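Enquirer: Residues per chain are reported as follows:
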Amino acid sequence: MPDDGPLGPEVLTGWGGAVRSAGTLHHPTAADVARRLGAAGPRGLIARGLGRSYGDPALNAGGDVLAPLPTAIGPLAGDGTVEVSAGTSLHDLVRFLLPRGRFVPVTPGTRYVTVGGALACDVHGKSHHRSGSFGDQVVSVDLVLPDGTARTVTPETDAELYWATVGGMGLTGVITGARLRTVPVETAYLDTTTRRLGDLDAVLAEMVASDDDYAYSVAWIDTDARGSSLGRAVLSRGDHATRDQLSGRSAADPLAVPGPPRVTVPFVPPVGLVTRPAVRAFNELWFHKAPRLRTGELQTISQFFHPLDGVAHWNRLYGPRGFVQYQLVVPEHRDDVVRSVLEQVSRDRHPTFLTVLKRFGPGNPGWLSFPTAGWTLALDFPARRDLAPMLDRFDEEVVAAGGRVYLAKDARLRPELLPAMYPRLADFRELRDRLDPERRLQSDLARRLSL
Amino acid sequence: MINALGQPQTVLLLGGTSDIALALGRSWARQPGLYVVLAARPGTRREAAAEELRSAGAEVEEVDFEATDTAAHPALIEGLAAGRDIDVAVVAFGVLGDEEQAWQDHDAAVHLAEVNYVAPVSVGVCLAQRLRRQGHGVIVAFSSVAGERVRRSNFAYGASKAGMDGFYLGLGEALRGSGARVLVVRPGFVHTKMTAGRAPAPLSVTAEQVADAVTEAVASGDDLIWVPGAMRGVMSGLRHVPRALFRRLPI
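Chains as they are written, first to last, in UniProt numbering: chain H, 1 to 451; chain S, 1 to 251.
Hints were generated in silico from the structure; no laboratory data involved. What you are looking at is a predicted structure, and each value in this text was computed from that prediction instead of being measured. Any given hint might turn out to be false.
FRET-style restraints, in silico, Cβ to Cβ [as the list claims (entries may be wrong)]:
{"hint": "1", "chain 1": "S", "residue 1": "220", "chain 2": "H", "residue 2": "427", "range": "37 to 43 Å"}
{"hint": "2", "chain 1": "S", "residue 1": "64", "chain 2": "H", "residue 2": "433", "range": "33 to 39 Å"}
{"hint": "3", "chain 1": "H", "residue 1": "434", "chain 2": "S", "residue 2": "64", "range": "38 to 44 Å"}
{"hint": "4", "chain 1": "H", "residue 1": "74", "chain 2": "S", "residue 2": "84", "range": "44 to 50 Å"}
{"hint": "5", "chain 1": "H", "residue 1": "150", "chain 2": "S", "residue 2": "51", "range": "15 to 21 Å"}
{"hint": "6", "chain 1": "H", "residue 1": "419", "chain 2": "S", "residue 2": "204", "range": "26 to 32 Å"}
{"hint": "7", "chain 1": "S", "residue 1": "121", "chain 2": "H", "residue 2": "154", "range": "56 to 62 Å"}
{"hint": "8", "chain 1": "H", "residue 1": "205", "chain 2": "S", "residue 2": "51", "range": "53 to 59 Å"}
{"hint": "9", "chain 1": "H", "residue 1": "286", "chain 2": "S", "residue 2": "240", "range": "48 to 54 Å"}
{"hint": "10", "chain 1": "S", "residue 1": "194", "chain 2": "H", "residue 2": "340", "range": "43 to 49 Å"}
{"hint": "11", "chain 1": "S", "residue 1": "84", "chain 2": "H", "residue 2": "419", "range": "40 to 46 Å"}
{"hint": "12", "chain 1": "H", "residue 1": "148", "chain 2": "S", "residue 2": "72", "range": "37 to 43 Å"}
{"hint": "13", "chain 1": "S", "residue 1": "220", "chain 2": "H", "residue 2": "416", "range": "23 to 29 Å"}
Glycine included, every Cβ here is placed at the ideal spot set by N, Cα and C.
Next comes chain H alone, as it looks inside the complex (with noise of 0.2 Å):
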């Protein structure tokens, strides 16, 4: 759709529902975009993707936000990289690319993110231990910088800029499309190996001693156990299916492309249904239906990587007040923080409904790019104000142990602890004040921030 001017602001939210602000919405072209920057108004401009972003980071409160620019694809060149708008989502990228053989090298926990907000975000998945990051797969970045020019950014030619840019939360320019690499499948399918751990120090040991054996490897937890069986949980992991693992109606069609969701939560409850009964009931039964050790399951791309993708709008189950991710990352030696944070969350008996443990690899030079080599755990709250002292003490724990928390997901952190978390941090500020000094590209998370 072409810009045909705003319709006036609209109060928009995270996909955690938590925050929301009024901002004027704008469906731009690729060629409206510097026109845009160039037009934005005291307040700023941030691009917004499929709001996805737990927190406030494609908010812009009394500014403009730019929708995503229209989709657009390939086509695949031979040497397996493939052009995309920064509006395409991953969703559409996978169903072009499976037939032909090909997918995402990082994909995150859903489909529906955009290409611009995975390279701003620089989301990661459950290949990060040998795949990095979104930014590691990308060959060159186009950019419309706050100035209005535009600028195709590769590592090689401008490092400075690329890697300001990936993990840059979209405040170094409006990325409008991207050249990125993707990996050879030939199935659509996963074969998958399931293991239930019955304590942390088995769930870790298991980790590092075989994570690198398999392309993907992720392990839920359990937040209601306590005790001896503290941080039970279960482990999955796997590789891309060969052809000759596939048999009956699987095999007909190898590379059948994943579909839309298929329920829909239609409107929010008046009151959160994501209640400590609900969660414990779901966590005894999720842990208990796992098998001790299952090998060789086939499963497909939106049951092994996108579950919550079947249920659109899931997030409204949280009701009005909506709900907070947090996310820590603590090198491998600093386990004791994972475990200490799990401790908290049990004895206090917060309700957590998916909690996320994974062993990141060696994090790339993104200034502001979120892994770095650990363990990163991920868990979801319902919003409440009694959290903010918990939260508070994660952090402290987190920054003593060299660690940070995720600004995609983040909506609450404590501006002072952001500079210890990310040691670029300066260099990023210095930075906009020279590409930006009238401050054109703002968000809500700039400005909690101070970024």
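On the provided structure of chain H, position chain S as indicated by the hints.
Expert: Same frame as chain H, but now just chain S:
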């Protein structure tokens, strides 16, 4: 910005020396990094209030504010906390006055109406424009259960609060969809400087209890609360008592 757990970064207290405003400021200051704009008359009370909030950990900016000088309000509110968004603006000023003097003494009656009704309308209009432009923020307006059904015993005060209450409820509706919101607070009898020496009514509360209820309501996005919550039931009953019976009630 107000964060996902309802914690503001910048708070404006209009009438910042009142016990309730101070209790609110202290409550938000429990989280480090709070910036408070303390708008009140200059003097020792304001200095003491600023000192109290600073020792609670907040950074405090003191600003001269005279409720009845409505001509000065637009420029004042426009210039406040330059470069910062106002996340929460608290309209906490008001006078109780002497109940019998307030309807017999012309000066006293006009003054009470100006401070309790005209001035809140004046700052409400200015705050609404500012918050609408910044696309987010909460205006907390201190009304009173006295405004819900005006009683003979303090009707000048009650009527001024009724008018103020109605204005801010309407302002909240007008701001719907702008990102800015209004929270109207109807406390019952609160033990404060303002009520010192008066016999406490049933269901009376402390300033700290009011502050707790307000911080929770700001976090959860409510637009109207009674403190204590039980007052809501009491008042909805009283509202429908026939006048002939109402005048005989010992309230």
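Enquirer: Sort out which numbered hints this structure fails and list those numbers smallest first.
Expert: Violated hints: 5, 6, 11; rest satisfied.
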